[in-house]
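Asks: Per the working numbering, the sequence shown runs over residues 10 to 332.
Don't read these hints as lab results, they were simulated from the structure. Hints should not be assumed to be uniformly reliable.
[Said to hold, decoys possible] With a Cα cut of at most 30 angstroms, we get these calculated DSBU-like pairs of lysine-lysine:
1) K164 x K227
2) K164 x K267
3) K322 x K267
4) K330 x K291
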Amino acid sequence: MKLARRDFLNLGIGAAALPAISKATWALDYPTRPVHIIVGVPAGVGPDIVGRLIGQRLSDRLGQPFVIENRPGSGGNIGTEIVARAAPDGYTLLWVVTANAINATLYDDLNFNFIRDIVPVASVGSFPLVLVVNPLVPVKTLPEFIAYAKANPGKINMPSQGIGVPSHVFGELFKMMTGINVVHVPYRANYMPDLLGGQVQIAFNPIPSALEFIQTGKLRPLAVTSATRWDALPDIPTIGESVPGYEAIAWQGVGAPKGMPAGIIDALSEDINVSLAEPDTKARLGGMGIEPLSMTPAQFGNFIADETAKWGKVIRAANIKPE
Numbered sequence: 010m011k012l013a014r015r016d017f018l019n020l021g022i023g024a025a026a027l028p029a030i031s032k033a034t035w036a037l038d039y040p041t042r043p044v045h046i047i048v049g050v051p052a053g054v055g056p057d058i059v060g061r062l063i064g065q066r067l068s069d070r071l072g073q074p075f076v077i078e079n080r081p082g083s084g085g086n087i088g089t090e091i092v093a094r095a096a097p098d099g100y101t102l103l104w105v106v107t108a109n110a111i112n113a114t115l116y117d118d119l120n121f122n123f124i125r126d127i128v129p130v131a132s133v134g135s136f137p138l139v140l141v142v143n144p145l146v147p148v149k150t151l152p153e154f155i156a157y158a159k160a161n162p163g164k165i166n167m168p169s170q171g172i173g174v175p176s177h178v179f180g181e182l183f184k185m186m187t188g189i190n191v192v193h194v195p196y197r198a199n200y201m202p203d204l205l206g207g208q209v210q211i212a213f214n215p216i217p218s219a220l221e222f223i224q225t226g227k228l229r230p231l232a233v234t235s236a237t238r239w240d241a242l243p244d245i246p247t248i249g250e251s252v253p254g255y256e257a258i259a260w261q262g263v264g265a266p267k268g269m270p271a272g273i274i275d276a277l278s279e280d281i282n283v284s285l286a287e288p289d290t291k292a293r294l295g296g297m298g299i300e301p302l303s304m305t306p307a308q309f310g311n312f313i314a315d316e317t318a319k320w321g322k323v324i325r326a327a328n329i330k331p332e
């Protein structure tokens, strides 16, 4: 329903109580009922927390609940397939993450094609990982570590949260570009106790969960994976400063089933980008080590395609197979 200007003004002071709804969504009369955002990880995990923040912002702006529905399993593929098979009416969305781009090559038996069946709506944020070492490793800089690893092939262990996750493939890209041989050790549980104890020696770790250990000297940071230095660790160089061309970031955003009307995609993109520009949203994301990442749907689509191709090359070159 689209209200004429005089009719809208006649609503009087009652309009002040209405949520701040964009012009595009008023014109579309969307949404008129709750919207479900499928998140492929359990509640309380990083992407879930960010998804709930953005979902609340959309609820506030559009006047309908944006409900987070956690559907973990198979590296996020279960949730992605649910969205790929959903009606493209704007009421089922996907919380898209780096793993989706990785999984497109990692798994060869998926019942969907991520690039074909999920359309980009809006990017939300990105963040690097930090390469840390246990202080027992006798190095203080990244070049020193590379030299040490080359002198000790196969004797350094690198944990991750599982095969094919960002903390694994970021490390594999580093191995390929430096020619070092470190041993990947996938964990089903938290590897941090073993990293602190020295059973494993290096890790590509999200900055927020490593920051306390860095500040207390229990872990030694060598470099961040982003192209530029990160505000939370301004004195820590990038890997690219020693390994030209290296860059790896984790990212999150919103996708939808193919065939969703362009008007709804554009409206949601607009509302998400407006939300990302709000100081409170920026502060909340910053507290999680995430930098807002605003793109148009087309830009986000190109970004996803590039990421999918990039990690596909790494997975094939390293011969990574799912568990």
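Asks: Against this structure, judge whether each hint is valid.
Replies: Evaluation of the provided hints:
1. K164 x K227: Cα-Cα ~21 angstroms, so holds.
2. K164 x K267: Since the Cα atoms of K164 and K267 sit roughly 47 angstroms apart, the hinted pair is violated (cutoff 30 angstroms).
3. K322 x K267: Roughly 25 angstroms separates the two Cα atoms, so the pair holds.
4. K330 x K291: violated (37 angstroms)
The structure shown violates the earlier hints numbered 2 and 4.
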